[in-house]
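Q: The primary structure of each chain is shown beneath.
Protein chains: 2
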Amino acid sequence: MFEAAEIGHKLAKGEFKRIEPQLRGDLLDAQYELSRLGRFPVVILISGVRGAGKGETVNLLNAWMDPRHIHTHAFDNPTDEERDRPPMWRYWRALPPKGRIGMLFGSWYTAPIIDRVFKRSRPAELLQSVDEIRRFERMLADDGVLLLKFWFHLSKKRQRERLKALEADPKTRWRVTQRDWDFFRYYNRFYRISEDTIRQTSLPWAPWTIVEGSDPEYRVATVARTLLEAMRARLDQARDTGTQPPAQPLTPLVRSAGDTDLLSQLDLSVSMSRKKFDTELAKQQQRLALLTRHPRFREHHVVAVFEGMDAAGKGGAIRRITGALDARLYRTIPIAAPTDEERAQPYLWRFWRHVPMKGRLTLYDRSWYGRVLVERVEKFATPAEWSRAYAEINDFEEQLARNGGILVKYWLQISKEEQYRRFKEREATRHKQFKITAEDWRNRKRWAQYQTAANEMIERTGTSAAPWTLVPANDKYHARIQVIKTLCDRIEALL
Amino acid sequence: MFEAAEIGHKLAKGEFKRIEPQLRGDLLDAQYELSRLGRFPVVILISGVRGAGKGETVNLLNAWMDPRHIHTHAFDNPTDEERDRPPMWRYWRALPPKGRIGMLFGSWYTAPIIDRVFKRSRPAELLQSVDEIRRFERMLADDGVLLLKFWFHLSKKRQRERLKALEADPKTRWRVTQRDWDFFRYYNRFYRISEDTIRQTSLPWAPWTIVEGSDPEYRVATVARTLLEAMRARLDQARDTGTQPPAQPLTPLVRSAGDTDLLSQLDLSVSMSRKKFDTELAKQQQRLALLTRHPRFREHHVVAVFEGMDAAGKGGAIRRITGALDARLYRTIPIAAPTDEERAQPYLWRFWRHVPMKGRLTLYDRSWYGRVLVERVEKFATPAEWSRAYAEINDFEEQLARNGGILVKYWLQISKEEQYRRFKEREATRHKQFKITAEDWRNRKRWAQYQTAANEMIERTGTSAAPWTLVPANDKYHARIQVIKTLCDRIEALL
Numbered sequence: 003m004f005e006a007a008e009i010g011h012k013l014a015k016g017e018f019k020r021i022e023p024q025l026r027g028d029l030l031d032a033q034y035e036l037s038r039l040g041r042f043p044v045v046i047l048i049s050g051v052r053g054a055g056k057g058e059t060v061n062l063l064n065a066w067m068d069p070r071h072i073h074t075h076a077f078d079n080p081t082d083e084e085r086d087r088p089p090m091w092r093y094w095r096a097l098p099p100k101g102r103i104g105m106l107f108g109s110w111y112t113a114p115i116i117d118r119v120f121k122r123s124r125p126a127e128l129l130q131s132v133d134e135i136r137r138f139e140r141m142l143a144d145d146g147v148l149l150l151k152f153w154f155h156l157s158k159k160r161q162r163e164r165l166k167a168l169e170a171d172p173k174t175r176w177r178v179t180q181r182d183w184d185f186f187r188y189y190n191r192f193y194r195i196s197e198d199t200i201r202q203t204s205l206p207w208a209p210w211t212i213v214e215g216s217d218p219e220y221r222v223a224t225v226a227r228t229l230l231e232a233m234r235a236r237l238d239q240a241r242d243t244g245t246q247p248p249a250q251p252l253t254p255l256v257r258s259a260g261d262t263d264l265l266s267q268l269d270l271s272v273s274m275s276r277k278k279f280d281t282e283l284a285k286q287q288q289r290l291a292l293l294t295r296h297p298r299f300r301e302h303h304v305v306a307v308f309e310g311m312d313a314a315g316k317g318g319a320i321r322r323i324t325g326a327l328d329a330r331l332y333r334t335i336p337i338a339a340p341t342d343e344e345r346a347q348p349y350l351w352r353f354w355r356h357v358p359m360k361g362r363l364t365l366y367d368r369s370w371y372g373r374v375l376v377e378r379v380e381k382f383a384t385p386a387e388w389s390r391a392y393a394e395i396n397d398f399e400e401q402l403a404r405n406g407g408i409l410v411k412y413w414l415q416i417s418k419e420e421q422y423r424r425f426k427e428r429e430a431t432r433h434k435q436f437k438i439t440a441e442d443w444r445n446r447k448r449w450a451q452y453q454t455a456a457n458e459m460i461e462r463t464g465t466s467a468a469p470w471t472l473v474p475a476n477d478k479y480h481a482r483i484q485v486i487k488t489l490c491d492r493i494e495a496l497l
Numbered sequence: 003m004f005e006a007a008e009i010g011h012k013l014a015k016g017e018f019k020r021i022e023p024q025l026r027g028d029l030l031d032a033q034y035e036l037s038r039l040g041r042f043p044v045v046i047l048i049s050g051v052r053g054a055g056k057g058e059t060v061n062l063l064n065a066w067m068d069p070r071h072i073h074t075h076a077f078d079n080p081t082d083e084e085r086d087r088p089p090m091w092r093y094w095r096a097l098p099p100k101g102r103i104g105m106l107f108g109s110w111y112t113a114p115i116i117d118r119v120f121k122r123s124r125p126a127e128l129l130q131s132v133d134e135i136r137r138f139e140r141m142l143a144d145d146g147v148l149l150l151k152f153w154f155h156l157s158k159k160r161q162r163e164r165l166k167a168l169e170a171d172p173k174t175r176w177r178v179t180q181r182d183w184d185f186f187r188y189y190n191r192f193y194r195i196s197e198d199t200i201r202q203t204s205l206p207w208a209p210w211t212i213v214e215g216s217d218p219e220y221r222v223a224t225v226a227r228t229l230l231e232a233m234r235a236r237l238d239q240a241r242d243t244g245t246q247p248p249a250q251p252l253t254p255l256v257r258s259a260g261d262t263d264l265l266s267q268l269d270l271s272v273s274m275s276r277k278k279f280d281t282e283l284a285k286q287q288q289r290l291a292l293l294t295r296h297p298r299f300r301e302h303h304v305v306a307v308f309e310g311m312d313a314a315g316k317g318g319a320i321r322r323i324t325g326a327l328d329a330r331l332y333r334t335i336p337i338a339a340p341t342d343e344e345r346a347q348p349y350l351w352r353f354w355r356h357v358p359m360k361g362r363l364t365l366y367d368r369s370w371y372g373r374v375l376v377e378r379v380e381k382f383a384t385p386a387e388w389s390r391a392y393a394e395i396n397d398f399e400e401q402l403a404r405n406g407g408i409l410v411k412y413w414l415q416i417s418k419e420e421q422y423r424r425f426k427e428r429e430a431t432r433h434k435q436f437k438i439t440a441e442d443w444r445n446r447k448r449w450a451q452y453q454t455a456a457n458e459m460i461e462r463t464g465t466s467a468a469p470w471t472l473v474p475a476n477d478k479y480h481a482r483i484q485v486i487k488t489l490c491d492r493i494e495a496l497l
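One line per chain: the protein sequences are A and B, in this order. For what it's worth, our numbering labels the leading residue of the first sequence as 3, then goes sequentially. For what it's worth, our numbering labels the leading residue of the second sequence as 3, then goes sequentially.
No lab work stands behind these hints: they were computed from the structure. Careful, some of the hints might be misleading.
Since the list gives no way to pick one copy over another, a pair counts as held whenever it fits inside one copy or between any two copies.
To be verified - Pairs of lysine-lysine residues, derived as DSBU-like cross-links and limited to a Cα-Cα distance of at most 35 angstroms, are as follows: (1) 426 - 447; (2) 173 - 437; (3) 100 - 360; (4) 418 - 447; (5) 121 - 19; (6) 166 - 426; (7) 19 - 434; (8) 478 - 173; (9) 12 - 277; (10) 360 - 121; (11) 100 - 381; (12) 447 - 360; (13) 121 - 15; (14) 426 - 360; (15) 285 - 173; (16) 100 - 434; (17) 173 - 159; (18) 15 - 478; (19) 478 - 100.
Could you put together the complete structure from these sequences and hints?
A: The structure is reproduced here in structure tokens:
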């Protein structure tokens, strides 16, 4: 694969001078159309060997286009805020919003490749990373991101020459470090592992372009043309709004036999006395207080998700948990309509930004599951969007779990009659009136559809790392104890 | 001052039980009204001695109110992303948006007081910090933030007892560290310095409340009542929208004699040949490239601000600078309409969030000066808002400068005739048409008002740490060279 990028591709200076003005003008036009349209972002990955002109090329592209609409990010060593979160967190925070171009120097490929080159990881681990990258890039593509990946290549001979030349010039000597020569010694291994990785991740929606890095004119013209063609094609396509690809219908994961499903199997008649509740709550809160102050808890973080029909008692259950927590350690995120900064990003971005650092807890009152619940039922998301969300969510939660996250997901189930009773009670009680709106009554009309959606959600996203806890919630006392006890059990199991 | 908080304030348990339900209900009501109104945020500082119940009180308030609308932040050691920016950066990023309550454990008072207690700073430095805090809090108050500051106090005797009691109980032993006893040894010094600081920063718009910390019921009731009264008063006032306080008119800083002002004094006829420009640009770009790669540059950061009438050549000047920079090190921020997350914060918040880390450059294409230019002239800001902005901006820039920031501010001045020529040229050139809108023609009609505003801005915000560079810009070549050369000179002077 790389051989084709070692044959000495060149672009004569005269030829370059001839095509440059047109290329620049066209790129600038495309950039402004991208910005005006505001429909999708462009993400450009810049990777490859040292000395192959990555920096020069990016600088030139910034000079050609309008740098005000380009976000360039270099990923050196992670900061401590980044180290304390899943590895992908730093890339999520660097994603450009719709209408903008993001150039990423170093990317989600860097660590998996380097770790394997220096044998800090095993072959199976690299395979796993590649698999995850494929799914992540697929998610970006599905979300409309135009993703272009460039690999700057130099033959071993050329790289040695290039590093030596940089070292020889006093103006550029600072650019060559011991680390570059350390890498150079592993050239062959790096070559092989990069090539494998590129091969496995070259996909129509996330194409790699290998750029021979020895000729400055050739490399910038190659990147510029590739970028321009991709942007033009996508811009022309984006103007035709009517051509959303039809969604692949999802077949049920588990065929239900008659009326039987997970939720209707729940015994909603369970209950607990007030007295028992008081004793048990004190006990569990004390337990939770000690668990979250355990020294080993600092290596973990908790992400708790509360879902359920309106008036199922999510808020009350959350407050019985936070009552036992140090307010400095937790954050409660009520999910409302996204802000405009959130709307300009892929769907999961607004949840990634709140991922807690180690030692902290984040409680989500409603969550990313809105995609497959309210957005599905109310048709705010297209079938294509919500049906791919299951896999995207599983990937997201898996990353949290692997990084020491303790994921606790609750579905609070009440009967339709109990909901009616609670709505009426809210309407009658002064300080509860703000909790009941016309929207709640509207949602209630689609009870069956919400139940179907919830059942499917539980089937598709209940994993061993992030299982659902189904909570019969007609009786608040019983429900609250089950919620806090489950949280304690899950934390205890990991400490 | 503290003596009044050592007399054994207590609230009988029975009395507490009696008032608690009403207090909770009222607080919850106030919180929801705050949220519904969405007009201002509440910032609560929690400070004071160890063992005085700060944590317990905040936890209880979180339990009483709806924790989903409270953001609690604890400021321990700064992260490296925070350490690399001015000290106030971490507090700006923690400010709650309008409609929310932010509880800050530890605050902008912590470092100044502790540094002085342990003699890491001199008395004059503490005084300077206090002065800055006063101005910062005034800015918050002017921006509508409801600011409440609580100081939890314990007598020396009570603090010793409290720490010993915590140590004696196996369930709470973990809470007492060597550091607490180290602090305790400095009790008297801490007492004196805190008292001084509180006295100097007790102001009507940023009041301190000292809370005797020995009785759990008394302290939570005190904080709750103070909070409730302040919220109620402000909510009632916020409902009367018509009562904006009249702005204190600003008297001119420098009385102009006839038609003479800074901008009209500029010689706009200066020019430079294309040939000279090419040579000089290459020279200055090379110089800038080397300066920003200098090892000592990593201790600094550059904030460059570009202001000027429409079509004055801001974009072109910026691109001559970025052309010499490593794209990984700079960011260009075009100032457009604020996002809704930005609108929910004090005016300067959206600029603070982009303050670069050390070793980086941020170029602002228009900036916080919009407040005293376009927002003043077009009346998007009230006279009260824009006239206090000068001082707020000076404070902001001073903080940047003190933290190693190199502030370079350009006003690009063109004549009214030259602007007309450029507008017409833009309309006639295909790839420049996007640059000219009806709004530009509208702004042009207020040329004189913009000039007055710019003159006043330059007078009031040109400081030795952040001087204005006035650039005659009728000739683009001359202007661009002056801009890049000034930047180089300023960086060089500091390295």
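Q: Compare the structure with the hints numbered earlier in the document and write down the numbers of the violated ones, lowest to highest.
A: The structure conflicts with hints 2, 5, 6, 12, 13, 14, although it agrees with all the remaining ones.
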